[in-house]
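Following the hints, position chain P against chain B.
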Amino acid sequence: MTIDVQTWVKVAAFTGGGLAMGLGAIGAAVGEGHTAAQANIAISRTPDMSGDIFKSMLVGQAVAESASIFALVIAMILLFTDYASSYIEISVVLSAGICMGLGAIGSGIGSGYPAGAACVGIARQPAMSGRLMTNMLIGSAVCQTPAIFSLVTSFIILFTDFSGRPINPTWAAIVGAGLASGFGGIGSGLGGGLVAETSCDGIARQPETVTPVTNVMLLGQAVTQTTAIYGLLVSFILMFKTFEATSALAPAAALLSAGICMGIGAIGPGIGEGFTARSAVDGIARNMNATAELTRIMLVGQAVAESTGIYSLVIALILIFVV
Amino acid sequence: MAIEGADIVRAAAFLGAGISMGLGAIGPGVGEGMVAAKACEAIGKNPKEAGLLTRTMLVGQAVTESTGIYSLVIALLLLFVV
Chain B
113 MTIDVQTWVK VAAFTGGGLA MGLGAIGAAV GEGHTAAQAN IAISRTPDMS GDIFKSMLVG
173 QAVAESASIF ALVIAMILLF TDYASSYIEI SVVLSAGICM GLGAIGSGIG SGYPAGAACV
233 GIARQPAMSG RLMTNMLIGS AVCQTPAIFS LVTSFIILFT DFSGRPINPT WAAIVGAGLA
293 SGFGGIGSGL GGGLVAETSC DGIARQPETV TPVTNVMLLG QAVTQTTAIY GLLVSFILMF
353 KTFEATSALA PAAALLSAGI CMGIGAIGPG IGEGFTARSA VDGIARNMNA TAELTRIMLV
413 GQAVAESTGI YSLVIALILI FVV
Chain P
2 MAIEGADIVR AAAFLGAGIS MGLGAIGPGV GEGMVAAKAC EAIGKNPKEA GLLTRTMLVG
62 QAVTESTGIY SLVIALLLLF VV
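Residue numbers (the numbering used here), protein chains in the order written: chain B, 113 to 435; chain P, 2 to 83.
Hints in this document: simulated from the structure, not taken from any laboratory. Keep in mind that this is a model prediction, so the values were computed, not measured. Please note that the accuracy of each hint is not assured.
[Said to hold, decoys possible] Label pairs and their calculated CB-CB ranges:
id	chain 1	residue 1	chain 2	residue 2	range
1	P	ILE70	B	PHE352	30 to 38 angstroms
2	P	ILE75	B	ASP160	53 to 61 angstroms
3	P	PHE81	B	ARG317	52 to 60 angstroms
4	P	LEU78	B	VAL117	36 to 44 angstroms
Think of the CB as a built atom: it goes at the ideal place given N, C-alpha and C, for glycine as much as any other residue.
Isolated chain B, as found in the complex (with noise of 0.2 angstroms):
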């Protein structure tokens, strides 16, 4: 029996296709599963507030949702499209799913964490609903980044012409950039929705902090995002650049390998940054004062934190330009 390039392509597009809906419901699933416990947890100690909850809950889940609605967009897109017989087509369409893939779990996971703090805060302090609502959909917007990143590697990965490029490296090159960004956006995802979290939290048992209490989320999670930026960056240089053909294994497995080292190398720093800006989110909702010290050593903590990401970079950057 033999298997005509054609085929190989529809094989790769449905696996693809299946990877990508398939990580990509892992994270949304249990964002929202949580979310709806903490509203279940919140109903039941104010049942009087059981409306406002219950939207709150349903405008969070919204928002995690979209993540794996990205994934099942592109998994449309592979199922149904009809691509050329060639063989880069082959890691192209496992690329896309599989970044999608990936991509959607730490956002899907991280969003529903503030909207569950949001419903728990809104049955404490009904008086802050709006302010909670607010705060709840800005810091879950922050965490879905990482799923856009992928969404739009995703993209370019799917409608960038290959086909005037050499086979040999370039494959490799479109598996690594969809390793970059899918791999990279997990823990700035987590990290992310753990500092919205806390944030909401805080508001609900302060009022008074909302304040300084957004401001200091949104720095946290911006820091928290950058390790999801070295990926897309990564990423698109992969995409971007153009490779010499050869014939030999090595330059395919380096490109390869900047893609796995830039993601997997992404995903610690996102997650420990992320417990480091929602502690200091938790100090400055208990003592106000404190904020430009407990500020101060969150960025320090956090660029130290960061430094094994830049690690992954720098290898990642050798292994595309250097060697």
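Frame of chain B; chain P shown alone:
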């Protein structure tokens, strides 16, 4: 495509470098974040000791960083020496 032994070894060294640095970055990243988180909690409770706490945090993080640096060293060895 002719694949020779030396080519496979080089390819494996490159992949190994990426995996070494990628996986090696997870632990220190999470661990240093936890150190900084506890430092933030402590300064929130007792802002007067900010100097002492910052110093302790940085020393603790420097020790935590060591495994990340081991990963970096191994990755660089795989890329340029082996």
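Checked hints:
Under the hint 30 to 38 angstroms, the C-beta atoms of P/ILE70 and B/PHE352, about 32 angstroms apart, fit the expected range. The beta-carbon spacing between P/ILE75 and B/ASP160, approximately 60 angstroms, falls within the hinted interval of 53 to 61 angstroms. Distance hint for P/PHE81 and B/ARG317: a CB-CB separation of about 53 angstroms, consistent with the stated range 52 to 60 angstroms. For P/LEU78 paired with B/VAL117, a C-beta distance near 40 angstroms keeps the hint of 36 to 44 angstroms intact.
Checked against the numbered hints above, the structure breaks none of them.
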